[in-house]
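S.K.: Sequence:
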Amino acid sequence: MTTPVFIADYSVACALGPDRASVAAGLFAAAPARLSGEATLTTGRVVPVGRLTFDLDGPAEQTRTNRILAHCLAPLTDAIEAAKARFGADRVGVVIGTSTSGIGEAGEAVKAKLDTGAWPEGFSIQSQQLGDSAAFTAALAGVDGPYFSVSTACTSGGRALASAARLIRAGLCDVVICGGADSLCDLTLNGFSALGSLSGTVCNPMSANRDGLNLGEGGALFLLTREAGPFRLAGWGGSVDGHHMSAPDPTGRGAEAAMHTALTAAGLGDAAGRKAVDFVHLHGTATPLNDQMEAQVLGRVFGLETPSASTKALTGHTLGAAGAIQAALCLLALEKGQLPPHVWDGERDPALPAIRLAQPGETAPLRTILSASYAFGGNNAALVLATA
Numbered sequence: 002m003t004t005p006v007f008i009a010d011y012s013v014a015c016a017l018g019p020d021r022a023s024v025a026a027g028l029f030a031a032a033p034a035r036l037s038g039e040a041t042l043t044t045g046r047v048v049p050v051g052r053l054t055f056d057l058d059g060p061a062e063q064t065r066t067n068r069i070l071a072h073c074l075a076p077l078t079d080a081i082e083a084a085k086a087r088f089g090a091d092r093v094g095v096v097i098g099t100s101t102s103g104i105g106e107a108g109e110a111v112k113a114k115l116d117t118g119a120w121p122e123g124f125s126i127q128s129q130q131l132g133d134s135a136a137f138t139a140a141l142a143g144v145d146g147p148y149f150s151v152s153t154a155c156t157s158g159g160r161a162l163a164s165a166a167r168l169i170r171a172g173l174c175d176v177v178i179c180g181g182a183d184s185l186c187d188l189t190l191n192g193f194s195a196l197g198s199l200s201g202t203v204c205n206p207m208s209a210n211r212d213g214l215n216l217g218e219g220g221a222l223f224l225l226t227r228e229a230g231p232f233r234l235a236g237w238g239g240s241v242d243g244h245h246m247s248a249p250d251p252t253g254r255g256a257e258a259a260m261h262t263a264l265t266a267a268g269l270g271d272a273a274g275r276k277a278v279d280f281v282h283l284h285g286t287a288t289p290l291n292d293q294m295e296a297q298v299l300g301r302v303f304g305l306e307t308p309s310a311s312t313k314a315l316t317g318h319t320l321g322a323a324g325a326i327q328a329a330l331c332l333l334a335l336e337k338g339q340l341p342p343h344v345w346d347g348e349r350d351p352a353l354p355a356i357r358l359a360q361p362g363e364t365a366p367l368r369t370i371l372s373a374s375y376a377f378g379g380n381n382a383a384l385v386l387a388t389a
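The sequence shown begins at 2 in our numbering and counts up by one.
Any given hint might turn out to be false.
Unchecked claim - Computed beta-carbon distance windows for the label pairs:
hint : residue 1 : residue 2 : range
1    : Pro60     : Lys276    : 45 to 55 Å
2    : Lys276    : Ala90     : 42 to 52 Å
3    : Arg170    : Thr78     : 34 to 44 Å
4    : Arg35     : Pro251    : 23 to 33 Å
Don't read these hints as lab results, they were simulated from the structure.
By construction, the Cβ of each residue, glycine as well, lies at the ideal position given by its N, Cα and C atoms.
Use the sequences and the hints to build the structure in full.
M.R.: Laid out in structure tokens, this is it:
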């Protein structure tokens, strides 16, 4: 018999707020989209970003990504201590998805070295390594189980949950702290600008007027366990297109394969099972290519009636944290019985399938949600989240 994987607890912080309550309030408020900050690019262009609006604790030598992780870990401390007492610290693992880690701080350190001839005091090359996020989280939580980072660009957070579930299924861990975190930094902002991917206004997913994405920052952490909890990670799936370094396969075959794998793992692989999915959280970046591919895939897998939404206009695209933050928003929706709203200008693109987009304030009895993430390199991930 396949071991079920439960979600015992979770936390989230993003541009909507520092905790679950404030994020839920912002998510379901149906207020007009208005991102929390701005960033100035090297070209002088100013673009909206989903910046955290609260101060992060922690010493300055910690990277901003690690301070986000520490912030998200704090609400889970009691549950983690209970897990260590019950199973032992060596049976609690850590899997963290990130794409930036300490790249922002490394850039500042390189600039200081060029300007002054010396590295900043306290700077360590380890801080920019992708594995540092998992090592930091494991040390802060005081756990001794397996720990590692996942860095598959914008699917990192979603794939971290899948990797954590595999640790439980394999019998290597009884509990896994998992999720994702990323911080805004000049390298990613200017890199996306160079690709022509950034919008100068709040992003507009699935709209005829969409012209690019907004970057954001934040994190979400989950406690996965083999013991019964309020939610299940019912299924997961992943694939790689092998199509292009920065553009999705326009046919969406890889994205569709990831969805089918996740649905089959959740016991929802047939037509009746797909109808049991109450909501789909879109990746929904508002770039022309992503939305065109994603709408086609959604139409093929679920038809045009299953409600769906992108929340990128509220959070910004949080890169390696996006899949984890989406999963947290899905759990908030399951708790409240309200659909995350699709925030856009309401102008449909006639070139896209007319998928159903959730309206602000729309309620429904929610039991099962699929969350989709896509990334550079053609990396695709899908999670099926359900009430226990």
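S.K.: Now, for every hint given, state plainly whether the structure supports it.
M.R.: Okay, the hints, checked on the actual structure:
1. In this structure the hint that proline 60 and lysine 276 lie 45 to 55 Å apart at CB holds, the actual value being about 51 Å.
2. Taking the beta carbon of each, lysine 276 and alanine 90 are about 43 Å apart, inside 42 to 52 Å as hinted.
3. Between arginine 170 and threonine 78 the C-beta distance comes to about 26 Å, which lies outside the given range of 34 to 44 Å.
4. For arginine 35 and proline 251, the hinted distance range of 23 to 33 Å is satisfied, since their beta carbons lie about 32 Å from each other.
The structure fails to meet hint 3 from the earlier list, while all remaining hints are met.
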